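**Student:** Put together the whole structure using the sequences plus the hints.
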Amino acid sequence: MGQCRLVTEAEIETARVSAGPLARLKNTRGGLRREQLTALARDAAIALAGLVLVLLLWKLSADAAGKYFPAPLAVAGNILDNFAASRYLRSLGLPEGGYFPHVLYTTRNVLIGGAIGFALGVMSGFASWRWKVADQAIDPIISIFGTLPILVAAPFFLIWFGLVASAQIILVAFYTFMILHVFVLRAARNVDVKYLECARTLGANNVVIFRKVVLPAALPEIFGGVRVAFASAWGLACIAELLGAQFGVGRVIVSLAAVYDVVGMMALVVVLGLIAVGFDGLIVALRAYITRWSDTGVAP
Amino acid sequence: MIDIRDARCTFRHTSGRLVEALRGVSVTIDDGEFVCLVGRSGHGKSTLLRALAGLNPLSSGAIAFDGNTVTGPSPERGMVFQEDTVFPWMRVHDNVAFGLRSLGTRESETEKLVSEWLSAVKLTGFAHSWPKELSGGMRKRVAIATVFATGAKTLLMDEPFGSLDYVTRITLHSLLLDLWARTNRTIVFVTHDIEEALILGDRILVMSEGQIVDDIRVDLKRPRDEEVRASTRAVTVTKSIIRNLGLAGGVDETPEPKSSDLR
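Chains as they are written, first to last, in this note's numbering: chain C, 227 to 526; chain W, 17 to 279.
It should be emphasised that the hints constitute simulated quantities derived from the structure, not laboratory data. Bear in mind that the values here come from a model prediction, so they are computed numbers and not experimental data. The C-beta atom is built at its ideal place from N, Cα and C for all residues, glycine as well. A few of these clues could be false.
What the hints assert, rightly or not - Computed from the model, here is a short list of chain C residues facing chain W with C-beta under 7 Å: (1) Gln-262; (2) Ala-290; (3) Lys-420; (4) Glu-423; (5) Arg-426; (6) Leu-428; (7) Gly-429; (8) Ala-430; (9) Phe-436; (10) Leu-508; (11) Trp-519; (12) Asp-521.
Claimed, not checked - Mimicking EDC-like on lysine to aspartate or glutamate, the simulated pairs with C-alpha atoms at most 16 Å apart in a straight line are: (13) C:Lys-420 x W:Glu-49; (14) W:Lys-169 x W:Asp-19; (15) C:Lys-420 x W:Asp-174; (16) W:Lys-169 x W:Glu-36; (17) W:Lys-169 x W:Glu-49; (18) W:Lys-148 x C:Asp-506; (19) C:Lys-420 x W:Asp-100; (20) C:Lys-438 x W:Asp-110.
**Tutor:** This is the structure we're talking about:
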């Protein structure tokens, strides 16, 4: 095989590549967008069908069960009537305003607690990956407290920190920290050693290897941890409020339960669920953007 | 110059057995040589290459580059791995710039070198592509450009084209020989493919059971096309390699694995 022929084959490969998947990206973006839009439309249609099915089952169950299992329309009506302002809630001894300030209060606690837990979990996870002594010190704590049920832990937090927002924030931060610690440590340990070796042979020091190799490689898995932590955080904040708080979605649910207002309770659960799903969607979108380099580009 | 003196490498296999991956390797490689390490899987080729890179410590013996003993990895000894090691989270441009930036090269100089090396591997138009958008052959080009751009005097290549299709391999052989001729860097290239060694190497070191059992000067003219590879001299070299690999009589049945076959 002569030199001239080899050069020709180099050109052939370039031509072959330019006719491959990359070419579709570079040359026929419109076509690819149409494919993506079709896939998105199909996914949305399936999701919508699932939602309609759940609503239908809900309606049929409500018809069969009676007044303690309200129909979807009754719940939706309750949300509209009480979201911005509600004299009914005032009559139950709750502060001014409808569901909105309570939802806002719970959301704020989840975000602040989640952010603190995230920051601490990321730091401790990477510290445990980097220094064996940190892992040896933190691992038993995570093992012991990670198995502690929220209903056991929450009363302690309420006694120590009071019936104020800080108790709920700390509780959310505590559980978020433990989830993130486990995910970050696992993600860092799962970084393929071939990338670390390659970086070392290219002259990278430990700081560069951490910033440019370990951190980005671990991001997809860390985002998985963020989703799990936030999915739990809404429930944790509400449970903390159920057990003792003067404000928040959990506090309102307790008051409504005392008067057997199942419609109001379900309305709040639906509102909180929608907010949680919205935040999860934001995390998924953020992850899809930040890890757009990955083959999947979607969250687990 | 690379000077390997009585290099030995023993490690404990997960089964608990001690494995002697290198059993007293001594060889000298001159600057600018293209040396191919040929041998069967598990006979010490990759262990020797990783020891040259400073990724595997020796149990005894020493390796020196220009008189400096190897104690760990160095950008002076760039490595192209068998696996795909192009960082998927960096665009092609940033991958090629990674080594330069790690070494603190000025950004203007980095930009110049990245541009030159992307052009040298014919990937100029793909600087802002993600690795996932490239073919396997193109990602190998990125890996080669990265190592060359970083300024490594010696390139250590561990079966870099093993997973590629035939046409892409031939293309990359041509590209690598072209870059080697232009830069006159030393290349140590591990392969189990005798034909690949004949196409590329100035010199072929045959490894068997952790030792270099033959050191062949390949005095064939370049380019090593099919006609050259069919010449009497090439056939003699091939037969010598086959004999030293212990396959002279052919392989009639599956041989018993030896302890040195363990990874």
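**Student:** Each hint should be assessed against the structure and marked as holding or not.
**Tutor:** Status of the hints after comparison with the structure:
1. Gln-262: Interface hint status for C:Gln-262: violated (15 Å vs cutoff 7 Å).
2. Ala-290: The hint is violated - C:Ala-290 has no Cβ within 7 Å of chain W, the shortest such distance being about 51 Å.
3. Lys-420: At 5 Å from the nearest chain W Cβ, C:Lys-420 passes the 7 Å test, so the hint holds.
4. Glu-423: Because about 6 Å separates C:Glu-423 from the closest Cβ in chain W, which is inside the 7 Å limit, the hint holds.
5. Arg-426: This interface hint holds because 4 Å falls under the 7 Å limit.
6. Leu-428: 4 Å, holds
7. Gly-429: Constraint on C:Gly-429 satisfied, holds at 3 Å.
8. Ala-430: 4 Å, holds
9. Phe-436: With a minimum Cβ separation of about 12 Å from chain W (threshold 7 Å), the hint on C:Phe-436 is violated.
10. Leu-508: The hint is violated - C:Leu-508 has no Cβ within 7 Å of chain W, the shortest such distance being about 21 Å.
11. Trp-519: Holds, because the Cβ-Cβ distance from C:Trp-519 to chain W comes to roughly 5 Å (cut-off 7 Å).
12. Asp-521: 6 Å, holds
13. C:Lys-420 x W:Glu-49: Answer violated: C:Lys-420 to W:Glu-49 is near 27 Å, above 16 Å.
14. W:Lys-169 x W:Asp-19: Holds, at roughly 15 Å.
15. C:Lys-420 x W:Asp-174: 12 Å, holds
16. W:Lys-169 x W:Glu-36: Status violated; Cα separation ~29 Å.
17. W:Lys-169 x W:Glu-49: Given pair W:Lys-169, W:Glu-49 holds - Cα atoms ~11 Å apart, limit 16 Å.
18. W:Lys-148 x C:Asp-506: Violated: W:Lys-148 and C:Asp-506 sit about 26 Å apart, past 16 Å.
19. C:Lys-420 x W:Asp-100: 8 Å, holds
20. C:Lys-438 x W:Asp-110: Cα-Cα ~10 Å, so holds.
The structure fails to meet hints 1, 2, 9, 10, 13, 16, 18 from the earlier list, while all remaining hints are met.
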